[in-house]
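Colleague: Single-letter residue listing:
Protein chains: 2
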Amino acid sequence: MTYKSNYTIRLRLGSLLLALVLSITSFNCKRNQEQEPTEETITTSKYPILGLSSADAKEIRTLIGSDKILQASYVASQETADQAITNGIEVPLPKDPGGGYTHEKHKRNYHEMYSAGLSYQITNDKKYAQFVIDMLLQYAAMYPKLPLHPKSKENHPAGKLFWQGLNESVWLVNTIQAYDLIYDTVNDEDRKIIEDQLFRNVVEFVSVDSKDTFNRIHNHGTWAVAGVGMTGYVLDDQDMVDRALYGSNKDKETGFLKQIDMLFSPDGYYSEGPYYQRYAMMPFMVFAQAIQNNQPDLKIFEHRNQLLGKAVTTVLQLTDENGAFLPFNDALKEKNYLTGEMVFASNIAYAYYKDSALLPVILKHQQVSISSAGLQVIKGLENYTDTGYVKNSMLIKDGNGGQDGGLALFRMPNEKDGKLNAIFKFASQGMGHGHFDRLSLFMYNGKQEILQDYGAARFLNVESKVGGRYLPENQTWAKQTIAHNTVTIDEKSQFGANVKKSSTISPKLVFSHLENENVQVVSAIENNGYEGVEMQRTIAMVKDEKSERPPFIVDVYNLRSDKSHQYDLNFMYQGHVMETNFEYVQQNPLKALGTNNGYQHLWKLAEGTSDNTIATLTWLNKNTFYSISSLINSGSKMIFSKLGANDPNFNLRNDPSYMIREKGKSNHTFVNVIEPHGDFDPKLESVKKPHSDIKDIQLIVANKEYTIVQIIFKSSQEYTLMLSNQSHDSNKTHKITIEEKEYQWTGNYNLKLN
Amino acid sequence: MTYKSNYTIRLRLGSLLLALVLSITSFNCKRNQEQEPTEETITTSKYPILGLSSADAKEIRTLIGSDKILQASYVASQETADQAITNGIEVPLPKDPGGGYTHEKHKRNYHEMYSAGLSYQITNDKKYAQFVIDMLLQYAAMYPKLPLHPKSKENHPAGKLFWQGLNESVWLVNTIQAYDLIYDTVNDEDRKIIEDQLFRNVVEFVSVDSKDTFNRIHNHGTWAVAGVGMTGYVLDDQDMVDRALYGSNKDKETGFLKQIDMLFSPDGYYSEGPYYQRYAMMPFMVFAQAIQNNQPDLKIFEHRNQLLGKAVTTVLQLTDENGAFLPFNDALKEKNYLTGEMVFASNIAYAYYKDSALLPVILKHQQVSISSAGLQVIKGLENYTDTGYVKNSMLIKDGNGGQDGGLALFRMPNEKDGKLNAIFKFASQGMGHGHFDRLSLFMYNGKQEILQDYGAARFLNVESKVGGRYLPENQTWAKQTIAHNTVTIDEKSQFGANVKKSSTISPKLVFSHLENENVQVVSAIENNGYEGVEMQRTIAMVKDEKSERPPFIVDVYNLRSDKSHQYDLNFMYQGHVMETNFEYVQQNPLKALGTNNGYQHLWKLAEGTSDNTIATLTWLNKNTFYSISSLINSGSKMIFSKLGANDPNFNLRNDPSYMIREKGKSNHTFVNVIEPHGDFDPKLESVKKPHSDIKDIQLIVANKEYTIVQIIFKSSQEYTLMLSNQSHDSNKTHKITIEEKEYQWTGNYNLKLN
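Line by line, the protein sequences give chains V and Y.
With our numbering applied, the first sequence covers 62 to 815.
With our numbering applied, the second sequence covers 62 to 815.
If you are wondering where the hints come from, they were derived from the structure by calculation, not from laboratory data.
Since the model is a prediction, treat every value here as computed from it, not as a measurement.
Warning: the hint list may mix true and false statements.
It does not matter which identical chain is used: a pair holds within one copy or between any two.
[Claimed, not checked] Straight line, CA to CA, 20 Å or less: simulated SDA-like cross-link-like pairs of lysine to any residue:
#1 Lys415 to Tyr340
#2 Lys508 to Ile321
#3 Lys166 to Asn657
#4 Lys206 to His426
#5 Lys394 to His426
#6 Lys319 to Lys607
#7 Lys440 to Asn764
#8 Lys508 to Asn383
#9 Lys166 to Lys750
#10 Lys212 to Lys775
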């Protein structure tokens, strides 16, 4: 199919809707005259039992003519089903790898079956049901004879229809729902063939032959148990269901419940990060809904203090102001909360928890799932006035007991641009898709990315870019520590970029205070990323309510070691350099900044030094200026670099970065102030406050116990930030005298303005 | 002032409007009771006479409570005036250069006087009039004693209030309008002081002391004559008016009418290009309106076949789909048709010509000028339904007789992205702000810039960037030929980058056919840019109506010389490289591509060669792929480069380019096909048509008379483009036999699909 037809489809939407409404009306008339027996069958059967009850399907049928969102959501399904019926059925022998013809065709097939199933429920037109039956019979004829997929790979769980087992599970999750939707129309003979030859064989393959994956505490395991468990409900096979819920041995050591317990933190954070959480929420929520419908006594949505509800809320909170998922770990920046998975997940969450805070996101979707949950959403939207999705500062703990560090989201209103958002990451490794980015910081101002996390190096599904898979540079650049706004020591990545090692231990939260409107402070430590170096970073976001100055960030990064090291604190700023308060030497020719661990990908552009006590870089991004002012000494190097070296296939974005390098240091404290400021208005040709407001930064003390920092503004305002590094007692009083001046405060930190 | 107060102002708009409406209402009551004499004075006086009649002011007063656009347009003026009155008057002794305090203050002063003048007309509150009088008296006390500005520069016309004379004229244009608005409230004694001490002295300075500028055919001259002419009307001094209209000697060799005749082409194109046309339209239209009000017999808006109306339409056509002015010559890409100048110009054009095609742009402004013209617009908007601003393919000729080449705008609908827009530039130099960019091509797809014109190297008003003036790199990079998508010969710019030389002669249009929906072709020559080299470029935009393929561009660039040269055809593509059909060698370390004429600013990234007959580069920009397929030979070099070398202050954007280099050639024909294609949808995770559709390009013949090119698509479609290079007769039949195949066609070109 070419994209032209897609557009034609959209243009024809209006007329199709009309045709649809008419066909429903005429169907209703016909049914009343001739099809009473069918109607009876439908109403006395318990099917469908997974996501859409027949009563709800009936109600959707009556509402669809008048509700625009419902209409728009449904029409695409019927379009897909109609087109599929026109094209005819093809169930090819599996042979191609991901992206290849048979791979894509089998994916399209389950999508078509599911669409036809929905179309049958909404129109009651049996041609849709028959299409599903016919296709399932073709699968049933082929499946028992299938060997492992010819393109399966060593060390990667194989499928039969697909090169990898994950796709097989996804196929099952979708196909069993299609079967459920048309269950009532299947005669006994076909049912036996479809269930015995196809579904039981697929379940056998997914849950027995691929037992390791089935019992894995991982999103691949979740897709597997969801498919098997839902098949169990439809086939009325409680053994299947129990194995899905409690693991192969039904000992609760693995299976769905254990996955919920292990893969999420008490705050609803999924250990792989938001990009994969989005993907995983689909099987979690769809299976949970089936459980709720069939075994309500399990109270699955109440499990772990309503964990599944929290997980949906948390992944939505982990988005920027454009709705894109925060791009840490392997993540594509284009992915936002409008994806299909979030439609399903948010609808099911709303249906159960009736949390109207979700409705603004659902309104952005302008789409619901055609399901009982979707119907609940439609009812919830009646008389609802959009108030916008609320995102506040919050701490999100990682680890199934909340013990594995986490994320701090700082969010303060910034009159001009929306909100200043900073993300401080001190979470666990996040399995194979995790990056070596502990204690990293990134920042958005309104909708603009200002200090970026590079995300993943990948062009999803673009064949010419390594088949659309992760690019080699994902490993050599994107995962490495230098690709993140944190400290790289001796030009090596944390844990030597070894996932196994880094997965054994996580950073730790020291303290978090995010409740105050004007001062928010979070501190975390990472003592294992580099042998013999203790690292503690404390991030404060500050708004002086008496000043017009936008909120700003104070960043204190302590490093303590017995040995001498090179400490590189990198900032991947986004924008155009406006000015610096120091001299720098441009490089010509350009050479790479280093030889490996990501450094080989950075062209070194310029290096600066200064006799000043602070180095300030100011850049422009859209209509706002930004400055990083850093405490430096005469040995500090300020290094400008740009991504793109040793990138033989132009796979990397050529993004800039700015680094403060400290060589030959054992203990060192980086102190930076990051300010958004001023305005660039090309329409009025006016520029306001293009210069940083920071006059000086002083480190009063930096030892194991305490860090005290003074920030002096050009307006002569002075901020003193006092941190207690070790004690985590918000009632304890601290007192320290430095050069005859006494500093005294209670609790983990104090910020004093004078 | 800081930006906080700006935002406070916006937030307070609602309540202010209410206050305003109330004050008008209460004023009307009071006026009826007590102020009859004033009312009488106002109605019997002819003032104001420039842009707003007192009858229209009265009507605006009655409409302002109910018309939202009018309200919004006015409120800012009264806010400015109120704030100015609160702050008090300051008329500092001129001392600072552009951007400095006294410079900005004198700019702010005329803006405040004009705002107060409007506020007086709308509210009839005399405090506003008094504010203008008081400030004028202060200027009157200072002006006669002023020397030339201390910061004026050699070889640049000086002002007294400002470092350059241009600002002095702009000051006069604004200030005389303010005076006109409050004219009736000035007593005889003040009037004498203001007119004799201030206005006549400023006019003397602008029109006599600065006679050269006053008589210059240039936008600086336009501001000068507009200020002087309008002052003549208000002071009832016909001598001033006549000098403004007909030049110092009143011989019509210079002055306003001559400027209209010389600076615009018959198509309404202003020779400096759209960025400066926007700026120049302000004095042209504001003065024309004053002429129309005071000397209607001159029929100024009918002059040269309604030239001024055409000029407004033409500059609006010279915008991209975001409304930004096409960024050729010195131009800042941020500037769009929402600027204040375009509000004034479009309102005046609408008031006179009643061309409702302008209304969609005015609706985008959501603002009118508070003037008689603005009132006409408000009336025009009643019952108007926005149909969107229509932009079609068009030829815009340059030169006061249309003889100096021009611009071809190709625009074809592209279902997926909006419109494919290509701009082929073969216009005159455009004076000092022109670039050496003859026969250059740039392209937009919908709102995305795909092949860019770099625009100017400047950060307007950003102090840290050379005071916000043009950067040194504007000369060393942005103006040079290599910065444009055209051929650079022997690494030198056209005319050796000498403005004087290049201003003597222009490229020539050969033929233009832009009327056909599916095939649009324009050809132009430039035989003077490089001594001894004849250059002809022919651009065709083609849509195959039978295919789903988006429109594409065929680009045929002939070079003919007796001597051997290096021909570099550069494309500043915007996006991320996806694939090439040739091998290339990455450079490491990176060195500049050359030593001067702009080459010194390009880092050479990679160089490719190929045994194939075409080289194809494919890149991704947002959700669409683009390919350039180029006819090559075994000696062709494909060079990737990136801007940023020898840029000591990070002044340049680090944009990529792709060059086809032919060395040691005398005659050579570049043939390129540029296609948008496919789709990248991160939400659906789908990618369509990521590869170029071009299989081969063949040059059948290329001689002085004819060029015949064959383009073969992968679908086996073949296009044959036959061009008659010399003859410009659309009725002439051409016949040529190449390798026993006969090609025959009538007219300048033929495109055959087989």
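Colleague: State for each hint whether it applies.
Modeller: These are the hints, each one checked on the structure:
When the C-alpha separation of Lys415 and Tyr340 is checked against a cutoff of 20 Å, the pair qualifies neither within a copy, at 22 Å, nor between copies, at 56 Å. Taking the shortest alpha-carbon separations for Lys508 and Ile321, neither the intra-copy value of 33 Å nor the inter-copy value of 45 Å comes in at or below 20 Å. In the homo-oligomer, the alpha carbons of Lys166 and Asn657 never lie at most 20 Å apart, since the shortest distance is 41 Å inside one protomer and 55 Å across protomers. Proximity of Lys206 to His426 under the C-alpha cut-off of 20 Å is found in neither arrangement, the shortest distances being 42 Å within a copy and 68 Å between copies.
For a Cα distance limit of 20 Å, the shortest separation of Lys394 from His426 inside one copy, 18 Å, qualifies, whereas the shortest one across copies, 33 Å, does not. For the homomeric pair Lys319 and Lys607, neither the shortest alpha-carbon distance inside one copy (51 Å) nor that between copies (57 Å) is at most 20 Å. With identical chains, the CA atoms of Lys440 and Asn764 are never at most 20 Å apart, being 59 Å at best within one copy and 73 Å at best between copies. In the homo-oligomer, the alpha carbons of Lys508 and Asn383 lie at most 20 Å apart both inside one protomer (6 Å) and across protomers (19 Å), since each shortest distance falls under that limit.
In this homomeric assembly, Lys166 and Lys750 come within 20 Å of each other (Cα to Cα) only across copies, at 17 Å, whereas the closest approach inside a single copy is 57 Å. In the homo-oligomer, the alpha carbons of Lys212 and Lys775 never lie at most 20 Å apart, since the shortest distance is 65 Å inside one protomer and 28 Å across protomers.
Figure legend: structure checked against the earlier numbered hints; hints not met, in rising order: 1, 2, 3, 4, 6, 7 and 10.
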